[in-house]
Amino acid sequence: MNNSNRSNIFSRFLHEIRRVIYIMLDEYRIILKDSGLVVVFLGATLIYPILYSSIYRNETIYDMPIAVIDESRSGESRELVRRLAAPPALRVTYQLNNLEEVKEPFYKQKIHGVIHIPKDYSGKIHRNEQATVSIYCDMSSFLYYRAMMLGANLGILETGKDIQIERINAAGITGRSAEISTAPFRYEKNILFNESMGFASFLLPAVLVLVIHQTLFFGITMLTGSLREEKLAIIDPHFRQKGKYFPVIFGKALTYLTIYIVINAYILLAIPRIFHLPHIGNPWDIIRFFTPFLLSVIFFSMLISVFIRNRETSMIIFPFFSVVLLFLSGISWPQSNMPWFWKIFSMLFPSTFGIQGYFKINTMGAALDQVRFEYIALWIQTAFYFVTTIFAYKLVTRTRGRS
Amino acid sequence: MSKSIIEQTRNVARREWKRMLSHPIYLLAPIFAMLFSYLFFLTMMSEGFPMRLPIGIVDSDNSSMSRTLERNIDASPQMEIVGRYASFTEARKEMQKGRIYAIVDIPPGFQADLLANRQPSLSFYVNDAYLVAGSLSYKELTYISELISGFILQQSLQAKGGTGEENLMPILQPIAIETHQIGNPYTNYSVYLSNVLLPGVLQLLIIMFTIYAIGVEMKQNTTREWLATGNESIMAALTGKVLPHTLLFTLLGLIGLFLLYGVMGFPMNGSIVWLSLAMFLFVVSHQSIGIFIIGLFQRLRDSISLGVFYGLLSFSFAGFTFPIEAMPHGAHIFAWFFPIRYFFKIYVNEALHGAEIRYSLIYFAGMMAFLLLPILIYNRLKHTILTDEREEIKNSIFNEQLQ
Chain P
3 MNNSNRSNIF
13 SRFLHEIRRV
23 IYIMLDEYRI
33 ILKDSGLVVV
43 FLGATLIYPI
53 LYSSIYRNET
63 IYDMPIAVID
73 ESRSGESREL
83 VRRLAAPPAL
93 RVTYQLNNLE
103 EVKEPFYKQK
113 IHGVIHIPKD
123 YSGKIHRNEQ
133 ATVSIYCDMS
143 SFLYYRAMML
153 GANLGILETG
163 KDIQIERINA
173 AGITGRSAEI
183 STAPFRYEKN
193 ILFNESMGFA
203 SFLLPAVLVL
213 VIHQTLFFGI
223 TMLTGSLREE
233 KLAIIDPHFR
243 QKGKYFPVIF
253 GKALTYLTIY
263 IVINAYILLA
273 IPRIFHLPHI
283 GNPWDIIRFF
293 TPFLLSVIFF
303 SMLISVFIRN
313 RETSMIIFPF
323 FSVVLLFLSG
333 ISWPQSNMPW
343 FWKIFSMLFP
353 STFGIQGYFK
363 INTMGAALDQ
373 VRFEYIALWI
383 QTAFYFVTTI
393 FAYKLVTRTR
403 GRS
Chain F
308 MSKSIIEQTR
318 NVARREWKRM
328 LSHPIYLLAP
338 IFAMLFSYLF
348 FLTMMSEGFP
358 MRLPIGIVDS
368 DNSSMSRTLE
378 RNIDASPQME
388 IVGRYASFTE
398 ARKEMQKGRI
408 YAIVDIPPGF
418 QADLLANRQP
428 SLSFYVNDAY
438 LVAGSLSYKE
448 LTYISELISG
458 FILQQSLQAK
468 GGTGEENLMP
478 ILQPIAIETH
488 QIGNPYTNYS
498 VYLSNVLLPG
508 VLQLLIIMFT
518 IYAIGVEMKQ
528 NTTREWLATG
538 NESIMAALTG
548 KVLPHTLLFT
558 LLGLIGLFLL
568 YGVMGFPMNG
578 SIVWLSLAMF
588 LFVVSHQSIG
598 IFIIGLFQRL
608 RDSISLGVFY
618 GLLSFSFAGF
628 TFPIEAMPHG
638 AHIFAWFFPI
648 RYFFKIYVNE
658 ALHGAEIRYS
668 LIYFAGMMAF
678 LLLPILIYNR
688 LKHTILTDER
698 EEIKNSIFNE
708 QLQ
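Those protein sequences? They're chains P and F, same order as listed. With the working numbering, letter number 155 in the first sequence gets 157, and the count goes up by one each step, no holes. With the working numbering, letter number 153 in the second sequence gets 460, and the count goes up by one each step, no holes.
Calculated directly from the structure, the hints in this document are not laboratory data. Any given hint might turn out to be false.
What the hints assert, rightly or not - Below, a list of computed lysine-lysine pairs in the DSS-like style, where the Cα atoms sit at most 30 Å apart:
id, chain 1, residue 1, chain 2, residue 2
1, F, 446, P, 191
2, P, 121, P, 110
3, F, 404, P, 163
4, F, 400, P, 191
5, P, 112, F, 446
6, F, 446, P, 345
7, F, 467, P, 345
8, F, 400, P, 163
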C-alpha cells in the first residue's frame, strides 16, 4: 500500500518532469524556427558586445586639437607652450595671434580648447607678480573638458611650481627646505579599478549586462506576442490543458536559462578578456551571481509578456527604455545623488542589481558576500516575478476563457 | 492636378489620424514614452553637478593636523566623509561594495613628520570604475591638497617675516588659471547629457513608429485600402501616412526644447528658432529613415530589428559622450549616417557656442540629405504596396494545426 503510493507519487513526478522537458524542447523549436527570435537571442547577443567594445576601445581621447594664442612671445611663454603640448592628451594645431582669430576654428569645431597667454605674461613673471593664463574649454563633451583640465592645468601648475621655487629662494629659503616649503607634504593619487580612467572600461560592463537583460526581454515578449497573434493561444498553446501552470512556466524558463548560461559566459566572461576590459573578478562568483539575475529577468519578461498582444509591440515601444535602465543602474549619475523616487523605481528592474553586481565583482574584484545586497535583491525579484507571473497567467486565462 | 494631390494626401492623413485614435496605444505610447523620458532625465540629474559624494577616511595619525585635513575635506560641498576606517584594507572593502567613491589614507606620524620638515605623504584612492563620481573626487581631492599645502607654505613664509600680504599670492600661485567653460560654466552634467539623450529617445520613437505605421498595413494586408484612400497615388499615400506623425513628433520635440531652455534654464547662447528648425528636420529625416528601412525589407518584423539597431547606435554616433575622433578610424565614417550627429553639432553651435548660423548650414544640409532616402526605395515600396501578398504566417509549429 505504502509502497504503491510512493511509486505513484514517483511516477507522477516523473510525468511532470517529462512535461517540463517536452515544453522546453518545444520552446527551443519555436525559437529556432523563427528567424526574428534567432536574431534577438543569438544575433544581437553576439554582435552588440563586439560592436560596442570596438567603438570605444581607445578608452579616451588622445592628441585633442587645441589652439594657443601667445601674445607674450617671450622665452617664458614659449616654455609654457612647450610643456602644454607635451602631455599625450593635447596637440597644438593652431598658433594664433588674438582671440578674434580663434573663432573660425572653434566654431567649426576643429579645436576643443584654447590657451591664451596675455601680453604681460613674461613681464609679470620678471616683476615677481602673479601672472594669469586663460583657458577656454569646449563643453560639448565631458571628455573634451577633462582632457583640457588634465592637460592644460597640469602643464601650467608644473611651470608655476618652478617659478615658485625661484621666488622662495629669493625670499631666503633655499635647497631642500625650499622644496619642502613648496610641498610640505606629498600626496599620492591612486586610481583604482579603472587605472586609465577609460570610457570603455566604465561603460562596457554596464552595456554587457544590459544586452543580456534587453535581449531576453525583447525575445520573450516577442515570442509570446507572436503566439497570441496567430490566435493559437491565449498566452501559450500548452495552456489549453487548464491548470497546468507550473510545468509550462518551468519549461519555458528552463529554455531561456539554458540558452543564456552559454550567452552569459560569452558576454560576461569572454568579452572582457578579449577586449581588455576590466576583469579582476572571480568567474565562479560571476556565474553564481548571475543565476538569480537570469531567473529574475526571465520571470520579469514573462510577466510583462502577459500584457503583450502582438509580436512587434515591445520592440516598437520599449527600446528607449534601455537608456533609462542604464541611468537607473547608477553607474553614470551616482546612486548617492539620485532622487529617492527613482532609486525606488530602479529596484523594480533586475538590470539595476545586475549591473551594480557585475561592476563590483568583475571590475572591482568584490567577492560574492560583498554584493550580498544585490544578490539577495535578485532572489527576491525572482520570487516576486515568479509568483506574479503565475497569478497573471491565471487571471488572463480565466478572463479570456470566459469571453 | 496639384490640388487633387493635396486632397488625396489629406484623405490619407485623415484615415491615419482615425487609425491612431481607434488604437489608443498607437497614439499614446509615443507621447507617454517621450513625456516620461523628459520627466526622468530632467529630474534624475536635476542637481546638475553631483554634490556630497560619499567618501571614506583612514586616519592612522589621529592628530590635530589630520583632523584639520578631515574638516577641510568635509567642508567641501562636493564631498562628505561617511565612514572612518581602521585600515586601508577595510576601507577598500567598503569601496568594493560601492558605498564610497574615494579613500583618503593618512599615515601614522603625519603631523610629527610635517612639523619636522620630513615631507610626509598621504594617499588618495579614487574609484574610477564609476567614471563621473571618480573623476570628480579626484579633482576635488587634488584641489584640497593644493589648498592645504599652500596654506602651510603661507604660514611658514609669514613666520619667516619679510613677506608682506601683497607679496604672498605671487609666491603661493605664480600663475593663476582663468578657466572659461564655454556654454556650461557650472559643469552641469544634465546639460552634457540631456541635450542629446532626449532627442536620442525621440529619434528611436520616430523610427519605430514610422516603420510600424507602414509595416502594419503590409502585415494586416490593408495596403490596397490605404492606397485607394490616396486615390492610387503612392506619393499621397506616403505623405498622408507620415504627416500626422510629423506633427505629433515635432510637437513633442518642441516641448522638449521648451523644457530644456525655458523651464530648466539650460544655456542658450544662440537662436532657439534655428534649433527649432533643426528639430523639425530631425523629425522628418528620421521619418525618412523609417520609410527607407521598411521599404528595404518590406516586412514589419525584419524592419523593426534593424530600426532598433540603428536607433540605439545613434546614441553612440552622436559623439556627445565619447567623441567620434577618439573612435577607431574605420568608425568615423559611420557618424555621417546619423542625423543625430548633425543635430548635436547644431545644438553645440547654437546653445553652447553661440556661433553664427553660417557655421551650422552644412549640418542643416546634412540632415536634409536624409530626405532623399525614400526616393531610393520608391519603386520597391510601390511594388510592395501594390502586391496584395499576405505576409504568410510561418515559423510556429502550431501553424500546421491551423490548416
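- Is the hinted pair residue 400 of chain F and residue 163 of chain P satisfied, with a Cα-Cα distance of at most 30 Å? Violated, because 36 Å separates the two Cα atoms, which is more than 30 Å.
- Message: Check the hint pairing residue 121 of chain P with residue 110 of chain P against an upper bound of 30 Å on the C-alpha distance.
- Response: Given that 30 Å is the threshold and the Cα spacing comes to 27 Å, the pair holds.
- Message: residue 400 of chain F and residue 191 of chain P were given as a pair; does the straight-line alpha-carbon distance stay at or below 30 Å?
- Response: holds, 19 Å
- Message: Check the hint pairing residue 404 of chain F with residue 163 of chain P against an upper bound of 30 Å on the C-alpha distance.
- Response: Measuring from Cα to Cα gives roughly 38 Å; hence the hint is violated.
- Would you check the hint for residue 446 of chain F and residue 191 of chain P, treating anything up to 30 Å between C-alpha atoms as holding? holds, 10 Å
- Task: Sort out whether residue 446 of chain F lies within 30 Å of residue 112 of chain P, counting only the CA atoms.
- Result: This hinted pair holds, its Cα atoms lying about 27 Å apart.
- Message: Need the status of pair residue 446 of chain F, residue 345 of chain P: alpha-carbon distance at most 30 Å?
- Response: The given pair, whose Cα atoms are some 27 Å apart, holds under the 30 Å limit.
- Task: Sort out whether residue 345 of chain P lies within 30 Å of residue 467 of chain F, counting only the CA atoms.
- Result: violated, 55 Å
In terms of the numbered hints stated before, the structure departs from hints 3, 7 and 8, listed from lowest to highest.
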